[in-house]
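S.K.: Line by line, the protein sequences give chains B and X. Anchor point for the first sequence: position 85 equals 69 in this note's numbering, and the numbering is continuous, going up by one each time. Numbering-wise, this note's numbering comes out as the position in the second sequence, counting from 1, plus 177.
These are calculated hints, taken from the structure and not from any lab test. In this text, a Cβ means the ideal position worked out from N, Cα and C, and glycines have one as well. A hint or two may mislead.
Stated by the list, open to error - Calculated from the model, a selection of chain X residues having no Cβ within reach of chain B, i.e. all distances over 10 Å:
hint, residue
1, Q194
2, S195
3, N201
4, S204
5, N228
6, T253
7, A265
What the hints assert, rightly or not - Some chain X residues flagged as far from chain B (calculated, every beta-carbon gap over 10 Å):
hint, residue
8, I189
9, I190
10, E191
11, K192
12, A207
13, Y210
14, K221
15, L222
16, N229
17, G230
18, D234
19, P238
20, D240
21, E245
22, Q283
23, R290
Unchecked claim - Computed beta-carbon distance windows for the label pairs:
hint, chain 1, residue 1, chain 2, residue 2, range
24, X, Q194, B, D38, 48 to 54 Å
25, B, Q55, X, Q218, 22 to 28 Å
26, B, G46, X, Y187, 45 to 51 Å
27, B, N52, X, D240, 39 to 45 Å
28, X, K255, B, S44, 33 to 39 Å
29, X, Q227, B, T56, 28 to 34 Å
30, X, S235, B, K53, 34 to 40 Å
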Amino acid sequence: AQSVAQPEDQVNVAEGNPLTVKCTYSVSGNPYLFWYVQYPNRGLQFLLKYITGDNLVKGSYGFEAEFNKSQTSFHLKKPSALVSDSALYFCAVRDPSNDYKLSFGAGTTVTVRA
Amino acid sequence: EAGVAQSPRYKIIEKRQSVAFWCNPISGHATLYWYQQILGQGPKLLIQFQNNGVVDDSQLPKDRFSAERLKGVDSTLKIQPAKLEDSAVYLCASSLEGLAGNTDTQYFGPGTRLTVL
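The following block holds chain B by itself, in its conformation from the complex (with noise of 0.2 Å):
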């Protein structure tokens, strides 16, 4: 069964709007969440992790996640995208009950249109 499901494809968006990328993970236990973002011809770029506590993560380039146990789910948002945040968005997990290996999302690809 696959650890950690990215729901959409893409993603569209205008420069200045929301943007939400959304993750649901299904393992057992306390995960540990992560986004990255790849851009063409690039590694991953790591965005930012929730480990424990606050269910809000900040991390780079403007980015949050929302941990939410209830629904698990880890959905990325910026509160205004911009035209460069145009990429590749990949979530995953550790999942304990399988050694913590890293599994990731298959992706999505997030435009933002001026």
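Following the hints, position chain X against chain B.
M.R.: Just chain X now, kept in the frame of chain B:
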């Protein structure tokens, strides 16, 4: 702080040929990972090293793939012989952690894009 270095950035080979990729992790990082990222998918772990020992190679196709990290620093990943389905981006990542450091962040290199013709 220098990031994870990988070379080459691009490689094109014919099927049944061999190829090798190199990775130098962030200085001081004990753990090194190799991932395979097929187009349209998220990265998939191939092998994990803790210093110079293998922690997990359960997803490595051992009949054709091999990897080593002899001095606990840089690493090489080899494919011999290559198949068409090996076309992918091969990502190297590193993290500080010891085996109990499961909260540590993995930092990725730029990857090597392999095309097998």
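S.K.: It remains to establish, for every hint, whether it holds in the given structure.
M.R.: Here is how each hint holds up against the structure:
1. Q194: Answer for X:Q194: holds, closest chain B Cβ roughly 23 Å.
2. S195: Its Cβ never comes within 10 Å of chain B, the nearest being 24 Å, so this holds.
3. N201: About 13 Å separates X:N201 from the closest Cβ of chain B, which puts it past 10 Å; holds.
4. S204: holds (17 Å)
5. N228: It holds; X:N228 is separated from chain B by about 17 Å at its closest Cβ, greater than 10 Å.
6. T253: holds (18 Å)
7. A265: holds (14 Å)
8. I189: holds (15 Å)
9. I190: Holds: least Cβ distance 19 Å, greater than 10 Å.
10. E191: holds (23 Å)
11. K192: holds (24 Å)
12. A207: holds (15 Å)
13. Y210: violated (8 Å)
14. K221: Check fails; 8 Å does not lie beyond 10 Å.
15. L222: violated (6 Å)
16. N229: holds (20 Å)
17. G230: Given a closest Cβ separation of 15 Å, the condition holds.
18. D234: holds (12 Å)
19. P238: holds (17 Å)
20. D240: Given a closest Cβ separation of 22 Å, the condition holds.
21. E245: Holds: least Cβ distance 21 Å, greater than 10 Å.
22. Q283: Since the minimum Cβ distance to chain B is about 6 Å, X:Q283 lies within 10 Å and the statement is violated.
23. R290: violated (8 Å)
24. X:Q194 - B:D38: 48 to 54 Å: holds (51 Å)
25. B:Q55 - X:Q218: 22 to 28 Å: holds (25 Å)
26. B:G46 - X:Y187: 45 to 51 Å: violated (32 Å)
27. B:N52 - X:D240: 39 to 45 Å: At roughly 43 Å between Cβ atoms, X:D240 and B:N52 fall inside 39 to 45 Å, so the hint holds.
28. X:K255 - B:S44: 33 to 39 Å: Given range 33 to 39 Å: holds, Cβ gap about 34 Å.
29. X:Q227 - B:T56: 28 to 34 Å: Taking Cβ atoms as reference, X:Q227 and B:T56 lie about 30 Å apart, which means the hint holds.
30. X:S235 - B:K53: 34 to 40 Å: violated (29 Å)
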